[in-house]
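Visitor: Chain residues, written in single-letter form:
Number of protein chains: 2
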Amino acid sequence: MTNSILSPEGLEAALREIGATRYHNLHPFHRLLHSGKLTRGEVQAWALNRYYYQSRIPAKDATLLARLPTADLRRSWRSRLVDHDGVEPGTGGIARWLKLAEGVGLDPAYVESTKGLLPATRFAVDAYVAFVRDRTLLEAIASSLTELFAPTIIAERVSGMLAHYDFVTPETLAYFTPRLTQAPRDADFALGYVKQHARSDEQQQAVLDALRFKCDVLWTQLDALYFAYVEPGLIPPGAFTPVNRQ
Amino acid sequence: MTNSILSPEGLEAALREIGATRYHNLHPFHRLLHSGKLTRGEVQAWALNRYYYQSRIPAKDATLLARLPTADLRRSWRSRLVDHDGVEPGTGGIARWLKLAEGVGLDPAYVESTKGLLPATRFAVDAYVAFVRDRTLLEAIASSLTELFAPTIIAERVSGMLAHYDFVTPETLAYFTPRLTQAPRDADFALGYVKQHARSDEQQQAVLDALRFKCDVLWTQLDALYFAYVEPGLIPPGAFTPVNRQ
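Chains as they are written, first to last, in numbering that gives the first Met the number 0: chain W, 0 to 245; chain H, 0 to 245.
Derived by calculation from the structure, the hints in this document are not laboratory data. No experiment lies behind these values; they were computed from the predicted model shown. Mixed in with the good hints there might be a few duds.
For identical chains, the list gives no copy identity; a pair is met inside one copy or between any two copies.
Pairs of lysine to any residue residues, derived as SDA-like cross-links and limited to a Cα-Cα distance of at most 25 Å, are as follows [claimed, not checked]:
1) 36 to 183
2) 114 to 68
3) 36 to 3
4) 194 to 21
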């Protein structure tokens, strides 16, 4: 790692390089998920655990919003709350994720209860919320930049899951459609902020580390799923157990 | 203080009794403000210091929102963010408060910088944000209940200031008009929550203490203004000094 200061474009390139090497689209669990290699129960485990991540995103964003110094910045960030919590009951990303969970055969009340959650999912997601609360604002914003890489994985996921699982319908995957526009809008804003404010070598390294951290948060969740439900398939006590394990 | 559990109605009555005895409409600074007894410079000092309180309310509300467990609750609380930060640049309560400050003769950029702030204002307001972050959710919500008493003080303030100060116009006081409907809506929600969730004697006492604390936060800000600008009139080093002191 050099100690020279990067140009804004150089910083963006370094961020994209992290995505190209550490984003969770590269994780073997996602390769199985997208290529139709998982059982219905394993897809359920993914949907159930990922729900906890979804459900904590508004807490993460509100925590970050609380630290933004101006109405302009807060207003921009606020759209994330609207996206996830919706405008009416039953709307928004969390509600749509529950529809996805229901669509793959889970009881949404059970999913919401988080009773079947893998402990590792909880630890990873909670670490993300705490990171955004406790680190510098620059690091907190930089940690959202995995959204730069979201459109690719969403396209892969939707086409792959529709092609390979007969229990998955376009309605079930409706969560992802608005994300194709929301994620790039949010990522553009965060990237612009980071390119403008990370001026010193120390700040730029902190930004890159924040994105690495966030990649770790996402990656770790898939590690836990793979461990519990694929190989070696050791489901922790109390965690969700698919009805028809193969 | 009794140790018996109050009915929801009894709790509401106890909360209203706190308002009747400790809300800042009773503070001598407000009596001077509303009856035309302050100089223009003293009104400016009030507007400048109160700006800091306004500017931190979205941080307080986002901190609280981050702790709410359901999309329904968060969506209700989110309206407070919209009220204060607005939907477009230049809208919302903070922008309207800057208009008020400008209307009474201050440079809005100076107000926004908070350079002329009384340190006591900062301490009191920051204590409120920290209280909402660190106490139980029930206490955090209960601390908002001073809004139960806001319509009375707003009516007094608007009519009194318009009658007594030739430098105050209805446009200058436009901040207060939407507050006449926003504050009761927000207070009704918070009161309903508190009446439903404060079931034990300990919880009810915590709720009453939270409202007392919040009354102290508001009261302390007026103490500091009175001390610095009325009597004894000792302005702390670096704080705003009116151009024409009488």
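Visitor: Hint by hint, say whether it matches the structure.
Guide: Hint-by-hint comparison with the structure:
With identical chains, the CA atoms of residue 36 and residue 183 are never at most 25 Å apart, being 29 Å at best within one copy and 55 Å at best between copies. Within a single copy, residue 114 and residue 68 get their C-alpha atoms only as close as 37 Å, which misses the 25 Å cut-off; across copies the closest is 15 Å, which meets it. When the C-alpha separation of residue 36 and residue 3 is checked against a cutoff of 25 Å, the pair qualifies neither within a copy, at 45 Å, nor between copies, at 61 Å. For the homomeric pair residue 194 and residue 21, the shortest alpha-carbon distance inside one copy (20 Å) is at most 25 Å, but the shortest distance between copies (49 Å) is not.
Hint violations for this structure: numbers 1 and 3, all remaining hints satisfied.
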